[in-house]
Amino acid sequence: MSRSRMFFRVLLRPLIVRRGSSAIAVLAVVVAATAATAMLTLFTDVQAKLRGDFRGYGANLIITSKADATLPADALHKVDAQLGASESAAPFGYVIAKANGQAVVVGGLDVQRTRKIDPFWMVGSWPEHGKALLGSRAAKQFGKGDLSLEFRGKRITVRQAGILLTGSTEDSRIYMPLEDFTAWTGLGADTIEIAADRKPQDVSALVNSLASALPGAYVRPIKQITEAEAKVFGKARSTLLIAVIIIIVISALCVLATLTSSVLDRRKDFAVMKALGASPQLASALFACEATLLGAAGAVLGFCLGIAVAFLIGRLNFQAVVLPQWDVFPMVLVGSIALTILAALIPMALLSQTQPAVILKGE
Amino acid sequence: MAAVAITLGVAVATATIAIATDIGDKVSEELRSFGANISVVPQEDTLDLNVGGVNIKPASEGAYLNEAELPKIKGIFWRNNIRGFAPFLSTSVQARSGAESRNVELIGTYFAKQLRYGKDEFVEGVTKTSPWWKVQGEWPADDSQRVLVGARLAQGLNVKPGDALTVAGRQLTVAGVLRTGAGEEDAVVGPLTLAQDIAGKPGVVRSILVSAVTKPEDAFARTDPRTLKGPAYDRWYCSPYALSIAHQIEEVIPNAHAEQIRRVAQNEGKVLNRIKGLMLLITIAALCAAALAVSAAMATAIMERRTEVGLMKAMGADNSSVAALFMTEAGVLATIGGVVGFALGGVLAAQIGRSIFNSSISLQPVLFPIVLAVAFLVTYGGSIASIRRAVRLDPAHVLRGSQ
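Those sequence lines, one after another, are chains A and B.
Counting from 848, one number per residue, gives the positions in the first sequence under the working numbering.
Counting from 2, one number per residue, gives the positions in the second sequence under the working numbering.
Isolated chain B (complex conformation) (with noise of 0.2 Å):
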């Protein structure tokens, strides 16, 4: 039973603990599905006339982002922390269909494009940065002539997916209707390649919204730059701080000026260190139970072997020979529980990172020696006090079964 409950406890605090080591990467991870957390604006770009989510901008007016250099966000040297990116266009046009005709905008933006950069593929789009557009039909291709059509224009304009919608003169198709809870509902939204062609704007985008997994911005990713020399700069580039990934977006597009979206990034850190936080103290509380549990079990294990502490005390074993026994077995229930424990609380683990987060959590091997250690130093604890209790025990006594 003794062994039992070590396995037990160690399975326990291997899960707790590797799921609280973890749990930092998996937050950041969910975290992304507030939107982008980096925007990216020509540098010499003129305002923004954006009211209510709606741009009335000019698409004539300002300066653009050439699109062939997108791809080359995915060769920062923080390109694995980018969990997508999408670029934008838009441009005003009429849209009709049948006796209603409305200005409306037309947003020309990727769905889920096939990129390369060197020898990478990968996807962009829309569908990763921002996760709570819903659409009703279907997405529309990235090189088609279908567009999603905002959900108040859509009744406004009395379309649904399939229809035909005039814009700009042009004979598109609705793939379907978009619901964004934003300025969205009142546009079109269509592929890059077609804003680009209403637009007369070939090759170009306006800006680019940039998802990337980023670390809480302290005192430090503060500094600027450029004050920054040696050591110290190689320390900010080399950490993925929304203001550093978004100085190396800036170096490799040229011309770019990359900016954090405070609504997004200020709050990640908070919620982040929050959530981190109680799992921390929860996972020492998991350990304190478990190590309440490993000892209760050592030690009715040890009284309950009363009699044979006697019988061997009585054929002349010295404390110390009784004491050397109990601390050998117990030594052996703990590696045995330990290792044993730590497999099952890997597997426990794995388990529950696949039913909240879909992705396992893996369970770093710098941890066994640490979950050994603490499967010896909770069996030793547990049993010490018992051991001793048995070893003063009188052996005429317990031999005659009283007190």
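So that you can see chain A by itself, here it is in the shape it has in the complex (with noise of 0.2 Å):
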């Protein structure tokens, strides 16, 4: 028999003789494993969760005219080409006009996007063409009859549509569809506002690329939103990060235990393979040739039940589908097999100074 052969079966045969340890240990190594990929992987999906779920303030970025004057009609176009799936923007106008004889600022939206924008607008009917919706301060006041509107000596009537009711500025407002507005005014829409879902660095890139792209408007962050949202994600990350720690350092310190153990039980092999002659050196490689299978079988079960772990929690957390992070895999298998070889690696250090007879005989 081939010295490698040799090697081989000595390798392989005990791990089926002795299936009910070597059973455990990759068990040990597969329960780390498990724990490691599923936080690993909510921990770099859920932060893009998180700030969708940011995204229910409303716009976080705001492109308004330079005093006086209109946005450019392609603005919402080139707004448009910079965004994301996930992202959107809706443009607004607005004008002081005089409703009933009265001083109101009447605003001009874009129904679909402004819904889309604003979650939290509490609409009794959105507006459609003719039609005005009108803030709950502004019904108050104008009671429920048609409207009649006048801006620079244009006049306008438009039925009520529904009450908006935000607790803000909106409330004092009536807003119609922008083509309406654009119809009656002659005026397109001067601010654009801009949810967008991205990290903080990057949405400062976006600043700067929106800004170039419209050279006559001032783009900038809702510092409101975007300082609150920074602050709130990062708490919330460091607190997950922190329990993910925990949690991965103390499943590896139990594999540790159990491995470390179970190598000690087979100090006997040891002390068999050094008194027929083996170095110490060829020894200590075979039980880590040993580990690294364990290591290995286990990081790969691990990983796979890690996944399905992943998605549960992102089923029944977020409603959503958590999708396995590929570049979670290398991480876990090489943690796998180096804290299985350092719980092989401790034993056999301890052992390799003790004599093999002072073993044998039981001592």
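By construction, these hints were calculated from the structure, which means they are not laboratory data.
Each residue gets a CB set at the ideal place from its N, CA and C atoms; glycine is no exception.
Treat the hints with care, as some may be off.
Below 25 Å or equal to it, Euclidean Cα-Cα: the simulated BS3-like pairs (lysine-lysine) are [as the list claims (entries may be wrong)]: (1) B:K135 x A:K913; (2) B:K271 x A:K1070; (3) A:K1046 x B:K27.
Computed beta-carbon distance windows for the label pairs [stated by the list, open to error]: (4) B:V392 x A:A895: 51 to 61 Å; (5) A:M1178 x B:R236: 43 to 53 Å; (6) B:H398 x A:L1163: 45 to 55 Å; (7) B:D121 x A:E975: 46 to 56 Å; (8) B:S363 x A:L1197: 41 to 51 Å; (9) A:R1084 x B:A397: 55 to 65 Å; (10) A:R1084 x B:L312: 51 to 61 Å; (11) A:K1208 x B:A397: 18 to 28 Å; (12) B:A100 x A:A895: 45 to 55 Å; (13) A:T1004 x B:P226: 33 to 43 Å.
If you follow the hints, you should be able to join the two separate chains into one complex; please do so.
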């Protein structure tokens, strides 16, 4: 029998003969790898999901035209071209007009886009052509009838569609579809609100590129939203990170403890090898190879299970699909193998100082 | 080693449970950095003429709230949930510096004003309600003739902190340049008393913004309090919903209409529940990991003592006394590990709380029995299989050293 065949025989046979303890060792690695995979996958994915939740606060960027002008007609196209699928923009135009003889801010809006960007607006029914949406305070002021609006001598009469409640300045305004607004006042949009769903540094980059695409406008982040978002997000992220680290560390310790004692159990095998003439290096290499095999098997199984666990947690908490993060796999694989080798080599180092005879006599 | 594993496991379990139970409060507190969630305006007010954050309604028009009533906000049922409030009164003025002159809005407010209600003293103002306001220079005192100038206006007027600024014919000093990312950047922001003086409206404010820690809105929160009777009304009144806090503010400030600011208030519940749910699931995962760690440690600890079991049995001990021995040992380990782990976990949680939220996470004493029960459950759960294997060992085989 050649040397290498002998090596593999000695390496593989114990795994089969001692099925019980091999299974326990693999199980320990699987548990740790599952925990690590699930936590790392979630941690990567959760950040994107949480950022999505913060978009419920509405726009985080605003583009306004410079004094007494409207934005160029193609401004919205230019903005749309720079936004991703999960991001949205909505144009608004504002004038101060007279409604039934009283000064009021009248706004033009794009119904579909506004609904998307301002989910917190409580609206009875959105205005269609020829109708207007009244802020709750404006509605109290003007009653239920048709409204006659006047701007720079141009008059228009609109029917009321519904009432808008936001608890903020919008409550004092009257909104109508942007096409009606432009047809009546002759003015286009002067404000574009943008809900950008990206990391803070990417938001700053977007501000810069929008500013260079629209030289005639101010582009600025709405600090109230961006700063608070960064703060809350940072805290949530750190809490998660700490919890994830704690879980990974404790599962690693658990693996280390289990494997170390299972290797110690086999001190007799080690002593026999040495008594038969194996060098301590060869014996250690044998145990290290065994550990690598167990570690790799555990990592693969654990990675699959971990993806399943992450998927389950995503379904439960986010009602969304958490996709496998493949770049987690090398980390888990290397971590598991390193852990198992460490668990095998620590007892080996202790044992190699002992005479085989002492171990075999059972003292 | 088993004792160490149990202690460690219990410590991790305690810390994550403590964090999970407290995370809701902590995140609610952090969510206040989104600013005020309740606005208070006079009931009979005329409409705001506010475009792009700049108010152009004349100060002489519309209704007002009485400034003297403000401290009463700290006297409502949910006063401890009020994290801050700031009054506002704005008026159009002419601001002049050297040759440059602009018609701008002067916003009067509190920066950090010392107020009293009954025996309580507290500090209120925009520094509390709007943490995103950034001042280059310094904040003016609330009784000074010093003002903040919005960043864009400061650029237009070419003024910097320390410069003189003439506002409505008065000689004022620029204390700092204000960046807010909104309409205030085109305005002058000064102490409330100064704005009242200039507008000729002593002792009044136009609106109040209130920042309160609230409970996420549910269907019950949206019911009209006027339709509720008896216990249902009490329950609504005594829940810290934004709507019920607004209702209580209307009760103490005459002629006020308080409304939740939906942009801020509506999303809080969603973000809060999301983070809470996530922590709950992570806690369960941490508990499972801790349980497995303890089980593994117990199992190895018992298997290492095979020869001891063999010897005991060879000398005449029966299965039940061997089992009883191990069970008692596991019990002692669980108790010690539980108590030490609980203390360690408390320290860990407090440390995490301080490093992330700058406030300690308090360990509820009520958690102790729960944690101890978990320690017992996990220790016995982990050792039962190993104890059964130990009890079944054949003493002859064990003592000879074969399997």
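Evaluated hints:
Restraint check: the Cα-Cα separation between K135 of chain B and K913 of chain A comes to about 23 Å, which is no more than 25 Å; the hinted pair holds. Distance check on the hinted pair: K271 of chain B and K1070 of chain A sit about 21 Å apart at the alpha-carbon level, within 25 Å; holds. With a C-alpha separation of about 23 Å, the suggested pairing of K1046 of chain A with K27 of chain B holds against the 25 Å cut-off. At about 52 Å, the CB distance of V392 of chain B to A895 of chain A agrees with the hint of 51 to 61 Å.
At about 50 Å, the beta-carbon gap between M1178 of chain A and R236 of chain B stays in the expected band of 43 to 53 Å. Between H398 of chain B and L1163 of chain A the CB atoms are about 48 Å apart, so this pair conforms to the stated range of 45 to 55 Å. Roughly 53 Å separates the CB atoms of D121 of chain B and E975 of chain A, a value that falls within the hinted 46 to 56 Å. The given range of 41 to 51 Å is respected by S363 of chain B and L1197 of chain A, whose C-beta atoms sit roughly 44 Å from each other.
For R1084 of chain A and A397 of chain B, the Cβ-Cβ distance of about 59 Å falls inside the hinted range of 55 to 65 Å, so the restraint holds. Checking the proposed 51 to 61 Å range against R1084 of chain A and L312 of chain B shows it holds: the Cβ atoms sit about 55 Å from each other. The supplied range of 18 to 28 Å is met by K1208 of chain A and A397 of chain B, whose beta-carbon atoms lie about 19 Å from each other. Checking the proposed 45 to 55 Å range against A100 of chain B and A895 of chain A shows it holds: the Cβ atoms sit about 52 Å from each other.
For the pair T1004 of chain A and P226 of chain B, the beta carbons lie near 38 Å from each other, so the given range of 33 to 43 Å is met.
In this structure, none of the earlier numbered hints is contradicted; all agree with it.
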